[in-house]
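Visitor: Order-wise, the sequence lines are chains A and B. Those letters in the first sequence? Residues 1436 to 2017, per this note's numbering, in order. Those letters in the second sequence? Residues 1436 to 2017, per this note's numbering, in order.
Hints in this document: simulated from the structure, not taken from any laboratory. Any given hint could be a false lead.
What the hints assert, rightly or not - Just a few of them, taken from the derived set where beta-carbon distance is under 7 Å, the chain A residues facing chain B:
1. Asn1619
2. Ile1624
3. Ala1651
4. Ala1653
As the list claims (entries may be wrong) - Below, computed lysine to aspartate or glutamate pairings styled on DMTMM-like, alpha-carbon distance capped at 25 Å:
5. Lys1775(A) with Asp1692(A)
6. Lys1850(A) with Glu1914(A)
7. Lys1755(B) with Asp1612(A)
8. Lys1632(A) with Glu1750(A)
9. Lys1458(B) with Glu1667(A)
10. Lys1451(B) with Asp1612(A)
11. Lys1635(A) with Asp1602(B)
12. Lys1442(B) with Asp1756(B)
13. Lys1631(A) with Glu1438(B)
14. Lys1699(B) with Asp1736(A)
15. Lys1632(B) with Glu1597(A)
16. Lys1699(B) with Glu1732(B)
17. Lys1755(A) with Asp1612(B)
18. Lys1600(B) with Glu1621(B)
19. Lys1437(A) with Asp1612(B)
20. Lys1755(A) with Glu1596(B)
21. Lys1822(A) with Asp1862(A)
22. Lys1632(A) with Asp1602(B)
23. Lys1699(A) with Glu1700(B)
24. Lys1859(A) with Glu2015(A)
25. Lys1442(A) with Asp1612(B)
26. Lys1437(B) with Asp1602(A)
27. Lys1437(B) with Asp1591(A)
28. Lys1875(A) with Asp1557(A)
29. Lys1442(B) with Glu1621(A)
Stated by the list, open to error - Every beta carbon over 12 Å from chain A, so not counted as near; a handful from chain B, in silico:
30. Leu1560
31. His1688
32. Asp1692
33. Asn1828
34. Glu1853
35. Gly1878
36. Asp1935
37. Pro1994
Built from N, CA and C at the ideal position, the CB exists for glycine as well.
There are 2 protein chains.
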Amino acid sequence: MKEQMMKIIDVAAGRKAADLIIKNGKVVNVYGGNVIQGDIAITEGKIAGVGAYGSLPVNKDAAVMDAAGSFVAPGFIDSHIHIESSYVSPEELGRMVVPHGGTTIIADPHEIVNVCGLRGLDYMLEAGKRTKLDIQYMLPSCVPSTPFETSGANIDAEQMEEPLKNDAVLGLGEFMDFVGVIGNNEAAINKLVAAKKAGKVIDGHAAGVAGMDLNAYASCGIAADHECATIEEINERIASGMYVMLREGSACHNLRDNLKAVTKENAGRFVLCSDDRQPKTMLNEGHLDNHLRICVEEGLDAITALRMATVNAAECFGLKDRGAIAPGKRADLVFLKDLKNFEIRKVFIAGELVAENGTYLPEIEKYPIDVVKNSVRMKDFSAEKLKMHLKSNRVNTVKILPGGVVTEKKVETVKLDEAGEFIKTADIDVAKFAVVERHKGTGNVACGFLNGYGIQAGAIAVTIAHDSHNIIVVGVSDEEMEAAVNALQKQEGGAVLVKDGQVIESMPLPIAGLMSDQSGEWVNERLTQIHKTAHEVLGINEDVEPVMTLTFMSLAVIPEIRLTDMGLFDVNQFAFISVEAE
Amino acid sequence: MKEQMMKIIDVAAGRKAADLIIKNGKVVNVYGGNVIQGDIAITEGKIAGVGAYGSLPVNKDAAVMDAAGSFVAPGFIDSHIHIESSYVSPEELGRMVVPHGGTTIIADPHEIVNVCGLRGLDYMLEAGKRTKLDIQYMLPSCVPSTPFETSGANIDAEQMEEPLKNDAVLGLGEFMDFVGVIGNNEAAINKLVAAKKAGKVIDGHAAGVAGMDLNAYASCGIAADHECATIEEINERIASGMYVMLREGSACHNLRDNLKAVTKENAGRFVLCSDDRQPKTMLNEGHLDNHLRICVEEGLDAITALRMATVNAAECFGLKDRGAIAPGKRADLVFLKDLKNFEIRKVFIAGELVAENGTYLPEIEKYPIDVVKNSVRMKDFSAEKLKMHLKSNRVNTVKILPGGVVTEKKVETVKLDEAGEFIKTADIDVAKFAVVERHKGTGNVACGFLNGYGIQAGAIAVTIAHDSHNIIVVGVSDEEMEAAVNALQKQEGGAVLVKDGQVIESMPLPIAGLMSDQSGEWVNERLTQIHKTAHEVLGINEDVEPVMTLTFMSLAVIPEIRLTDMGLFDVNQFAFISVEAE
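Chain A with its partners taken away, still in its complex shape (with noise of 0.2 Å):
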């Protein structure tokens, strides 16, 4: 540490030539508001300073880069993510990301930790060290999310001393069991104490909470919520000392509405987060460049939303090296070429020039898959396992609702032979579903009807599942599903479509059955075309997203109905419920 500072105090002062200094840059001044002309000197990878620096000798090994009038602006930090939601590697991911100016991300491995346990986080601590993104890992607060499915692991409050203990965690990920804090229950209140004593930042997620106990949730030094669907909510938890996210995923698109909280009082309160975003959206739209543009399409200053991407985030998260262009910081740059279509031109990470016009220049490095491979471990399973003996052809059904990921529970009538086995039919467009636990050889599967997804060939299956991941399969047959669940095992997960007991399209995501060890081109290539096909050839309902849509179908905690390996859910009652409406 000692020589890294008198090196940078050296540059800084001018009696040292700089690593790189880059010159005609309209310097962004996150601190001060404004945008300030001066030359950026480099040395260890930090800022040593903005000055005139341009005019002192150079060394003949320093560089010397002309930002040609473009604003320079810190590096963009990504405040909530969720990695596996790309279904691409950590390193995959920062090569997508890092084009987009996006320098740091936040990322919460909830979905890996709750198939792999620690594991699964060891994975992606070592994974992320080979992408130049900074990726700061939370620790996941809540694995299982419920106790209504099996997962893969379980991680109480002390098996988190250990992993909460390493400088390579930032913190205590979105805490989403909110009803067991506010609740005071004992195994979430030791969870936050154990990130307290450890000094770490905690993570909310707080849907809907409000009033008293959105202050007893506050009140244990939660730092942000992600979740807020009105301007209440937002300053209501503004003036609770949280942040609040803005967030812009694939799947949540809450950044505009939520913008119109914003204010010059308030404005310090808020950063910017993606939460999930697919390649697709990364391939499309972009990362936090994206959110930027909205922001300012929106009416918001670009330097009050470039803060929210840089230096708030820094301070809400407590990582004081960053969020700056000020000396003794990380080099983490972004030039602009505006301030309103936020083109990326050069993005550098700790003073090294790491993606060019929308490239990432770095070689691709990977580290081994092998100990988060072979997650999908039945027990037992078979055709006879979908048997479902039914005595009553009234049938409580999961039906999806287009457009979101709420579900309703919907009383139907169906066929059942004489063994009280389901026959699909034309006439209704109900088909048998499962789920097949894949963690812990539990043999689990539970059965029930899914409404209104449309499938009349063949079969579907997916092992991503929030958020337990087990196996979702939906088909015509039961000889159909379990032809799916089998070649999804002998693909180690991901998503896979069978017709005729043959597969005919299929993504394998052989890291947890989560994440896919191609690139995010190959995935969206892939998620296109089993898009494709599940709706031409399985005829699955246009206005569903085939795959997305069974991903959220065990998620217990979303009204109203939801099936996992334990069985049917209801989530009102929060009570498992019986397949039988009556």
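Following the hints, complete the assembly by docking chain B onto the known chain A.
Guide: Showing chain B alone in chain A's frame:
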């Protein structure tokens, strides 16, 4: 921690009764930048929440307080103060500051540590626990501040490690050796490294530093500066990531001028401080309530001003537990009649009512001062040591420039006897003065000439002499000077006036020769009387503050010329010079 957290959650959620509910207050929301209506529920010394708590049933133990339409703001945080400059003990300062809304001060015990070393810090820490005012101590960074005088202690980086580990020490105090930092002086850098390794905040002091030098200084992560003289200096510091302290003290009045630099965009980067605040100023003008009045007088929005006095300071110093009225924060609260005159009605610290209508309510408790008494220890001092044996009557004098602390080096012709000893004459306003070492028994006595002080009878001596606090004495004869120094030793420091060998006024400061064990009112009465007698009886010039002027005469970092126990120091040459001019 866990039990407290659960208790606060219970109260916040409305399940358990609060210890105290404050109703009918206009609650200042420093995060959102507005005023909200709501009842404040307090338990465990913390705020559980703001909401409809007034309508809940209360325990028979619970107190309900009616704020009666007062504004309720977070308690004020003075970002930088030297308690010693108030000439009172920490306990007494607490008594004086709290009724003015001060609930936290960031104190740098630079003076007492220069006299007593870390024993002085320990005393301040213990004494600080005896007042309700939360005193957050910084470890003095520069002891001694220069090598040009003998101090009572010499604290290098190695000796800092232990106190920096102390949780009761918030950080490293104003790093005034900016020359050392910018010049990469290893001793200075070692101190910064020690503080950073301990994870502590580092405060700054960078008078007049600009451009690349400021970058070098700021690159070390120094958090703030209170020495800004111009808008340009302020803007430069903000762009460098430093907080700017707006100072209004007894000696330095920078607030009104520096407020011109505050904008909506940069306001979050300002905090308020006193630096030095004498009892007279506190009794007549107050504390941060006076800063706030001035802010609003100068046109600043009141809530922006309040943010500087609260949440900004908390953020600057990493005091995450305070600075706002929000769930989980310390219940440090101030009731204000309005947001213009900032008349303080009530003050709460950690949920306890500690001041009302200008009166500090708790019983006064004081820590024994034995450990910091008897600090005036000369070796072999007598009038003989004041002999100068001059070979020339052309001498370099220290010319006082009224209204500031800068001096002028002025050559004068004085009258000498045959032995080369000075004879005081009426025709020229030059008197002999001396600095007598009082810490280490060096026996050092240095003599020089003070020009423009006006003394015509007797002698005056003080043990306050920045920054090493040796004895400064000025008088019309060696005998009067000797009498003053001996009287000062007998009374254990402070200030003394002598005429015809007899003490005619005195203010003993037994705590390290810097602070009284009496009240602020007593100090004020003593100082008033000393000033009166100094002017009327000793003939000291009316435009000279008799005591404070002397206390700056050894400060070898401020131009142009000073006298220390080691001799006459030319600040411009940065070297000792002879008293004889040629």
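Visitor: Find the hints from earlier in the document that the structure breaks and name them by number, from lowest to highest.
Guide: The structure conflicts with no hint, since it agrees with every one listed earlier.
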